[in-house]
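Enquirer: So the chains spell out like this:
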Amino acid sequence: GAVVSQHPSWVICKSGTSVKIECRSLDFQATTMFWYRQFPKQSLMLMATSNEGSKATYEQGVEKDKFLINHASLTLSTLTVTSAHPEDSSFYICSATSAYSYNEQFFGPGTRLTVL
Amino acid sequence: DAKTTQPPSMDCAEGRAANLPCNHSTISGNEYVYWYRQIHSQGPQYIIHGLKNNETNEMASLIITEDRKSSTLILPHATLRDTAVYYCIVKPLGPNNQGGKLIFGQGTELSVKP
Numbered sequence: 067g068a069v070v071s072q073h074p075s076w077v078i079c080k081s082g083t084s085v086k087i088e089c090r091s092l093d094f095q096a097t098t099m100f101w102y103r104q105f106p107k108q109s110l111m112l113m114a115t116s117n118e119g120s121k122a123t124y125e126q127g128v129e130k131d132k133f134l135i136n137h138a139s140l141t142l143s144t145l146t147v148t149s150a151h152p153e154d155s156s157f158y159i160c161s162a163t164s165a166y167s168y169n170e171q172f173f174g175p176g177t178r179l180t181v182l
Numbered sequence: 121d122a123k124t125t126q127p128p129s130m131d132c133a134e135g136r137a138a139n140l141p142c143n144h145s146t147i148s149g150n151e152y153v154y155w156y157r158q159i160h161s162q163g164p165q166y167i168i169h170g171l172k173n174n175e176t177n178e179m180a181s182l183i184i185t186e187d188r189k190s191s192t193l194i195l196p197h198a199t200l201r202d203t204a205v206y207y208c209i210v211k212p213l214g215p216n217n218q219g220g221k222l223i224f225g226q227g228t229e230l231s232v233k234p
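Listed in order, the protein sequences are those of chains A and B.
Using this note's numbering, you'd call the opening residue of the first sequence number 67 and step up by one each time.
Using this note's numbering, you'd call the opening residue of the second sequence number 121 and step up by one each time.
The reader is advised that the hints may include incorrect statements.
[Stated by the list, open to error] Once the Cα atoms are required to be at most 30 Å apart in a straight line, the calculated DSS-like pairs of lysine-lysine come out as: (1) A:LYS121 - A:LYS86; (2) B:LYS189 - B:LYS123; (3) B:LYS123 - B:LYS221; (4) A:LYS132 - A:LYS107; (5) B:LYS189 - B:LYS172; (6) A:LYS132 - A:LYS80; (7) A:LYS130 - B:LYS123; (8) A:LYS107 - B:LYS233; (9) A:LYS130 - A:LYS107; (10) A:LYS80 - A:LYS107; (11) A:LYS130 - B:LYS221; (12) A:LYS132 - A:LYS121; (13) A:LYS80 - A:LYS121; (14) A:LYS86 - A:LYS132; (15) B:LYS221 - A:LYS107; (16) A:LYS107 - B:LYS123; (17) A:LYS86 - A:LYS130; (18) B:LYS221 - A:LYS86; (19) A:LYS130 - A:LYS80; (20) B:LYS123 - B:LYS172; (21) A:LYS121 - B:LYS123; (22) A:LYS107 - A:LYS86; (23) B:LYS189 - A:LYS107; (24) B:LYS221 - A:LYS121; (25) B:LYS221 - B:LYS172; (26) A:LYS132 - B:LYS221; (27) A:LYS132 - B:LYS123; (28) B:LYS189 - B:LYS221.
[Claimed, not checked] Covered stretches of chain B, going by a simulated chain A footprint (3 or more residues, C-beta under 8 Å): (29) 123 to 135; (30) 163 to 176.
[Unchecked claim] So the derived label-pair ranges between C-beta atoms look like this: (31) A:PRO175 - B:THR176: 44 to 52 Å; (32) B:ASP187 - A:GLU153: 37 to 45 Å; (33) A:GLU170 - B:HIS160: 19 to 27 Å; (34) A:VAL69 - B:PRO234: 30 to 38 Å; (35) A:ASP131 - B:SER161: 26 to 34 Å; (36) A:ILE78 - B:LEU213: 38 to 46 Å.
The hints are simulated quantities; they were obtained by calculation from the structure and are not laboratory data.
Every residue gets a Cβ at the ideal spot worked out from N, C-alpha and C, and that includes glycine.
Based on the sequences and whatever the hints tell you, model everything.
Expert: In structure tokens:
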């Protein structure tokens with residue numbers, strides 16, 4: 067199956083700093099990428115949907131100015147958590163679909179963010 | 121909100137079949153049933169999907185009732201590595217953004233025991 071990678075796999079940062087998480091499709095062109103957040107013992111919550119070259123569509127309640135999403139190429143999307151605070155500590159997961167397999171999402175391994 | 125209901129947890133003996141139920145009584149005619157699983161601290165993994173016919177692949181079988189209001193995921197010979205949270209999701213088939221969105225419920229935490 068198609069492979070999606072995330073970098074970094076984990077990151078620790080100080081409160082107030084910004085953190086960028088990368089999501090890459092390694093062997094296919096990802097026309098659409100999705101970003102999820104997962105708190106401990108909870109399910110995945112969809113944050114936003116991004117199409118290559120377009121602005122991301124955010125789910126209700128997700129602050130677009132705090133969670134900046136860029137999908138500048140068909141193989142890369144980035145999520146930047148701006149001015150991170152301890153409550154932003156979470157497991158961030160991306161997924162991707164292609165024009166040829168839009169009915170199957172391929173998930174990355176996730177990025178564990180800890181804000182001190 | 122998720123459109124499916126699943127039992128929060130289940131146990132299964134290693135080597136035995138694991139049958140995971142899912143209720144989706146409000147499913148629409150254009151919505152498929154998808155199953156994903158998430159092993160602890162990893163990204164979700166696609167398992168199988170179907171519309172109304174039973175489906176089988178190398179990982180599992182999916183049995184959908186005739187009225188499509190419920191389904192069962194079957195892992196024929198569960199192993200310890202199948203311990204994970206299993207999510208049943210309904211979504212329409214299609215290339216647009218709405219078709220692509222996966223809304224995760226709470227899932228079923230399956231524990232396979234030796």
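Enquirer: Under the constraints set out in the numbered hints, which ones does this structure not fulfil?
Expert: 29, 31
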